[in-house]
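Trainee: As they're listed, the protein sequences go chains A and G.
Counting in our numbering, the first sequence runs from 14 upward without gaps.
Counting in our numbering, the second sequence runs from 2 upward without gaps.
Hints were generated in silico from the structure; no laboratory data involved.
Don't take each hint at face value.
To be verified - Simulated restraints on C-beta separations: (1) ARG217(A) - THR3(G): 52 to 60 Å; (2) GLN182(G) - VAL196(A): 52 to 60 Å; (3) ALA32(A) - GLU115(G): 26 to 34 Å.
What the hints assert, rightly or not - Computed cross-link-like contacts, DSS-like style, restricted to lysine-lysine with a CA-CA straight-line distance of at most 30 Å: (4) LYS25(G) - LYS21(A); (5) LYS21(A) - LYS177(G); (6) LYS25(G) - LYS68(G); (7) LYS177(G) - LYS426(A); (8) LYS25(G) - LYS156(G); (9) LYS68(G) - LYS25(A); (10) LYS156(G) - LYS212(A); (11) LYS68(G) - LYS21(A).
In this text, all values refer to a predicted model and were calculated from it rather than measured experimentally.
Here a beta-carbon is modelled for each residue, glycine too, at the ideal position from N, C-alpha and C.
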Amino acid sequence: MNSQDIWKELGKIDGALAAEADPDRDADGQKSRSDRKSPRKWLKWAGSAAVAVMVLMVGLKVANDRLPRLTDSGEKPLAADLPEETERPGVSTEAETGVTIPAYPDPQTGKSDLNLSSESAYDKEKEAQEALRRAQEIAARIKAENQGLTQHSEAKLVWFSEEELLTRSKWIVRGKVEAIEQVSFPLTASLEGFTQDYKLLTIRIGEVLRGTGVQAGETVCLAVWNFDNYNGMLREAGIGLEGIFLMDALSDTRLNGRADCQAGDGLRFVIWQKAGRLVYERAAFTGVKAEWSLEEAAAYLRSVLQPDARTVPKDFSVFYEIRRLAEVPDYDVHIMYDSAAGTYFREYYEFVEGGVVRRLTDDVVFTPSEAVLRKSYLSFLKLRDLPETASEVAGQGREMVEILLRFTADGKKYEYRYASPRLENMSYQTEPFASFNAIQFEIWQLTTMDHALGTALEHGGRRSAP
Amino acid sequence: MTDEQITDLLFERSERGLEEIRNKYGSGLQALALRLLGNPEDAEEIVNETYLAAWDRIPPLRPESLKAFLLAVCRRRALDRLDSLTRIKRGGGELPLVLEELEEILPSGSDGREWTGAISLRETLEHFLRELSARDRVVFLRRYWYGLSVKETAKSCGISENNCKILLYRLRTRLKQRLEQEGVWHE
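Chain G extracted, bound-state conformation (with noise of 0.2 Å):
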């Protein structure tokens, strides 16, 4: 079934929309949860708040892309998920490794203070991941977007696990020096 009959059926209000997705995309959001997280009771609830996301938003949303709007919730949950998780002291998912990659962005006096630029925060992110090479968005994103672990990274784009290693580094150290140049901080 395509994404389009998909959203058909959440718009007619047809519980067997959810269904649908649940058969097509049910193992990817499951995959990323359980390894953003690395909790297997976590990732369900995960993805259960995923297809409630969902059947809330659609409609009157109708996602150009229906993988990507459920993986951006599914990122986006489990990114509220690590909050609680980080205090009871369970995980042992990608999820706090990535972020603690990505604090390698942030631009000295970043911290506490808002994004000004003249685009917005995520145009200037795109306009970065549009500037790489294919394979360097590839890995980038691979990591930083899919959560997966470095080795899986590094094993999905053919390369070595220290080379990939490097190249996230590399891609880290360029997009903070994009961010210095592009954004004005506010209190």
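Just chain A, with the same shape it has in the complex (with noise of 0.2 Å):
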């Protein structure tokens, strides 16, 4: 038996399980518009040229049909929805191919080159050196940026709060969409056909509620980059749309010459103002309210804007600890981030190179940004003013997570310990965050946190020397 064997015999499987799967359904099986490109034109072409083409066969062999059958050879009878086996010598694809199947490594032992234990990082000196330095690098590194998040990360804006996603915005302006323009260019020359495609809004200014340089009445030109994950309230636009627009200054140098400014992503950079009610990422904007006005709305954003009374207190610390639990044991990831301490905890699996590895990040020291404090103590105060009985969700089965967080602020300590099903999804759905609760959504603030960090470590960080 070969691969191509089981692929044969999962095609004779019970066709109501095929249909379940079919991809013109959701993952719950419902029917659903397809997001996948319809093929292109020209294979429509190609399958009429081709009907007519089979069609000329057809009639040939109706033809023929039409002659007097000759005495069946006594064959047996054709097993119901199965088509005809075809007879295929065992094929070796290493052989046929050359191609090389991998040996993969053994993720019971989690034992691989890729492996970061302690046990096998820093069995020398220098490289526990080595290490130290790497890791106070990030840290200064993050410092000076006073983002408390990596280059990496913040090419998604999903990372930030409403707060940083406004106060890291070069302008904010209230609007009117005069234009729509399309512009595309190509990837990369290796990526023949494959194109980064943005949209250019000409905004007329109404009012400017952030930045300099810009003023009311004049018109400017917002590049949004148009990619399918991330475009959902880029689709809504239209010319004579009134909205709040997000600006960045432009980072992509081929839009030079073509527009004035450029947008995060196609999700987070505006509220639109459609048929008397506010249209927006509610992830993001978590203050507005869609019934608001675009004036009331504006109104709001200023004053989060404004000089901020809230101040992280000086002995404000988080740590937190979560599991997440997979249906295999061997899957789970584990971490623990303690501010006070500075250091960071990470292990968890990752699938790389057709295997399945474990990867341990070891304590890292690692100092804390501002901003990163910040944005864990706007969620310590949400979560401490939600009343008691909101603090625990149900959980159910092993696929869950787990949280303890522990806060302390102004002499006080607090704990909050959660469980939650499928948490591990959340950042990857945008229109469920509709429906999430405030401590849903509070966890997952500070676990993104997690995953800038553990982006920045896997950058470099490590260990401090012993």
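Reassemble the complex: the two chains are provided individually, in unrelated frames, and hints are given to aid placement.
Mentor: Listed below in structure tokens is the structure:
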């Protein structure tokens, strides 16, 4: 038996099983509009031509079929629903294609070249010193950037709170769309046919909420990256629509001369006013209400942008321990972060080069930046003010997330414990955020910091020397 | 037009039945074939072969699910085509990658041997699939029945690509264990 036999046998399974997994249905088995692009037009033309040929061939066959049949030769009946077996000799993939099937590392032991376990990584004093130097470089760089997040994570605005989204924007204006254009750039020479697309929105400014160098009455051209996963609000754009726009300086030099500014992504760059309601990414603008007018939303954003009286207490610290329990214990994830000690620990699994490898990021001396502390402090305030009865989220089965949060602020200590199913999928779905309760959202805010920290550490963070 | 009506047309040896198949399932078959083989010309030929197979087999065959029948034929033809493609070094579709992954499911000692178990391999696979959660089953089949790329599978199921890879790896490992438990291998 070989893999092709498995492929063939899978083709014979109950059609209902295959139908349940039809990609034209959503993951719950409900019919939904497919997100995949329809076959290119030329395929449809080819299909028409193919059918024409088919009809001709079938016509010939029909004519042949109408001839008197010869006596059956005693073939056995065809099995229902199954295509006829085609005689094929066994094929060795390696022999035929030259493809080397990789030897997968044993996930049970977790031993591989990629294992960052402290037992193997820090045997040598020189390595430990180098590890400390890299950790200190990362901490210094992040502090200097005053963002608390790496460049990698900045590419996705999902990691920013509402306040951060607003304060990091160079300009925020209220205005009306006067024109929409599309521009495409080839990605790279090696990816022929693939493009990076932008929509260029010409906006007539009605009011400037933040930033200098622009005035009411002027027009600006805002470029928004049109990328499938992050263009939900961009799709709402229309000439004549009013909205509040968050704009950054141009970072893509190909847009020089064509646009004045650029948006972070196609989801969190705008609050639209449509049909008497506000349309926006709710997970991004958590304080905005859909029934507000655009003027009310602008007033709210101005209040958020004003110098803030909320100051992080000097003694504020956050400790969290997250356990993501997977269906199979070997794939659990364990994370601990302690801002007071500046240590970070993460154990998880990652699919690499055809196998699953256990990764272990040791305790890292990590100076928390002001932005990270501020973000966690805001989440703490929201969690603290919630009723106690709302602090428990029921979980089911083994695929759960258990979170322990400890805060210290103004001499007091607070502790919260949560258990929730499927929390790890939260960051990959935007629409369900609208239905999440306040606790889950704040937990998500905290755990996205973990993602940012993890990203930073993957680029060189190590444990300090003993 | 319903599948039953299309099948009736084929039983009447009406060429319109083929046109209706093309109208209703043509784009899906083209998408499947193109995804598996990565080459538009080969995909077009596979789809034509699928139409021919439908004409040849119906009647006397009356499939319970016309769509499943057509997709199954298309999958099978794609595998047959892959053999010649690899010799010509053409392609780029998902099928070679899928087959590589399915290699992991093969129990130790099964190479060159035939499956013999208390129940057929097909039934063993069905039992395995039915024991999975709906989500896991959909992920598995979208990758290994429909030949979606890992990225497409992840996106269609609303999970991250990394999670999808890990899930598929786990499921392959479990299936391998099941086959090792259920199968008896003969030369």
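Trainee: Hey, LYS156(G) versus LYS212(A), does the alpha-carbon distance stay inside 30 Å?
Mentor: holds (23 Å)
Trainee: Does 52 to 60 Å hold as the CB distance between GLN182(G) and VAL196(A), or does it fail?
Mentor: holds (58 Å)
Trainee: Check whether the Cα positions of LYS25(G) and LYS21(A) lie no farther apart than 30 Å.
Mentor: It holds: about 25 Å lies between the C-alpha atoms, which stays within 30 Å.
Trainee: Within 26 to 34 Å or not, the Cβ separation of ALA32(A) and GLU115(G)?
Mentor: Since ALA32(A) and GLU115(G) have Cβ atoms about 30 Å apart, the given range 26 to 34 Å holds.
Trainee: Taking 30 Å as the top limit, are the C-alpha atoms of LYS21(A) and LYS177(G) close enough?
Mentor: holds (16 Å)
Trainee: Check the hint pairing LYS177(G) with LYS426(A) against an upper bound of 30 Å on the C-alpha distance.
Mentor: With a Cα-Cα distance of about 50 Å, the restraint between LYS177(G) and LYS426(A) is violated, given a limit of 30 Å.
Trainee: Is it true that the CA of LYS25(G) sits at most 30 Å from the CA of LYS156(G)?
Mentor: holds (25 Å)
Trainee: Does LYS68(G) lie within 30 Å of LYS25(G) when you go C-alpha to C-alpha?
Mentor: Answer holds: LYS25(G) to LYS68(G) is near 9 Å, not above 30 Å.
Trainee: Tell me if the straight-line CA distance from LYS68(G) to LYS21(A) falls inside 30 Å.
Mentor: With Cα atoms ~17 Å apart, LYS68(G) and LYS21(A) stay inside 30 Å; holds.
Trainee: Given the hinted pair LYS68(G) and LYS25(A), is their Cα-Cα distance within 30 Å?
Mentor: holds (13 Å)
Trainee: Holds or violated: 52 to 60 Å for the Cβ distance of ARG217(A) and THR3(G)?
Mentor: Once the Cβ atoms are compared, 53 Å apart, the range 52 to 60 Å for THR3(G) and ARG217(A) holds.
Hint compliance for this structure: hint 7 alone is broken.
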